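With these hints in hand, go ahead and build the complete structure from the sequences.
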Amino acid sequence: MDFNIRNFGVVNIGGIEVWVTETLVNTWMIMAVLVAFAIIVRVKIKKWTEVPEGKFQNTVEAIVETFDNFVKSSAGSKLSYLGPWFFTVFCFILLSNISGLVYGTRPPTADWACTFAFALATFFLIQYAGLRYQGTKYLKSFIEPVVFFFPLNVIGELARPISLSFRLFGNLLAGMLLMTMLYEMTPIFLKFLVPVPLHIYFDLVAGILQTYVFCILSLSFIGAVAETE
Amino acid sequence: MSLDLEAARLIAAAIAVLAGLIVPIGQGNVAAKAIEAIARQPEARGHITSTMFIGCALSETSGIYGLLISIIILFAM
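Chain order of the listed sequences is A and B.
The first sequence runs 1 to 229 under my numbering.
The second sequence runs 1001 to 1077 under my numbering.
These are calculated hints, taken from the structure and not from any lab test.
Just so it is clear, the structure is predicted and the values come from calculations on it, not from any experiment.
Keep in mind that a hint or two might mislead.
[Stated by the list, open to error] Listed below are several chain A residues computed to face chain B (Cβ distance under 7 Å; list not exhaustive):
1. Ser-163
2. Phe-166
3. Arg-167
4. Gly-170
5. Ala-174
6. Val-213
Ideal Cβ placement from N, Cα and C applies to all residues, glycine included.
Written as structure tokens, this is what we have:
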């Protein structure tokens, strides 16, 4: 059994070594699927009307509106401009979580580099929201209740993206490890039968739940910082 | 009696993953309280459910840490 991330080759771009790993290839494939889907939708809604007519436009508007309401209810209505970003993150993480359904694909979110990138974006959004909506009060909150608590507060702030990324990464990695071990254990004539119910749990249920948890935790962190009483 | 290094590594990984023993208790508490709250106030179901997911995810963290430490011990050390 080999659980490591496979490496397909090393590309040298201007003196910088870029490792073409399985994660990178799968990320680009998921991006291609998302971009192709977006282009198809964009071409199909060429004749956009003020009042939705067709079924297609209605569906698109319903999905976007549902997600906007989700952002507004969990982060507050003044942060509704975060809707597009979190919709993108949601689509990408969801698609990469359930990409384990394709036999042998390693989900990109089972690589810490990928989840940490998303968590880092959340971290910068938290700092931005704090500085924009609270200003100097946000900086002052680091030395509360007394000045000596400054290092503790900084560590607590830095631990947030790490715990956020480890949550998603650990869940996906555990699912992937269990599925790989199961495929190794089952005899060849049962390989199409036994892993199916476990695929439903580890890839579909856990994948959708973890995507939801990642988005709602990021949104509530940002919303808690942006709240001014 | 001396353990060889490989055996010690495997035992350490097994101990690290024991962090997952207590996590389900906490998550069960969260879910039980959420069900109680929904039974008391069925109209607040949506809010309670989303808050329950946040609580479940936060209480899951220590279990995930244990899993990651054991994986690091197994594959990266």
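A quick look at each hint next to the structure:
1. Because the closest C-beta pair between Ser-163 (chain A) and chain B is about 6 Å apart, less than 7 Å, the hint holds.
2. Interface hint at Phe-166 (chain A): satisfied, since its Cβ lies 6 Å from the closest Cβ of chain B, which is below the 7 Å cut-off.
3. A cut of 7 Å between beta carbons decides the hint on Arg-167 (chain A): the least distance to chain B is about 6 Å, and the hint holds.
4. The interface hint given for Gly-170 (chain A) holds, since its Cβ lies 4 Å from the closest Cβ of chain B, which is under the 7 Å cut-off.
5. Interface restraint check for Ala-174 (chain A): the shortest CB-CB distance to chain B comes to about 6 Å, inside 7 Å, so the restraint holds.
6. Contact between Val-213 (chain A) and chain B, as hinted, is supported at the beta carbon level, the nearest pair being about 4 Å apart and thus within 7 Å.
Of the numbered hints given earlier, the model fails none.
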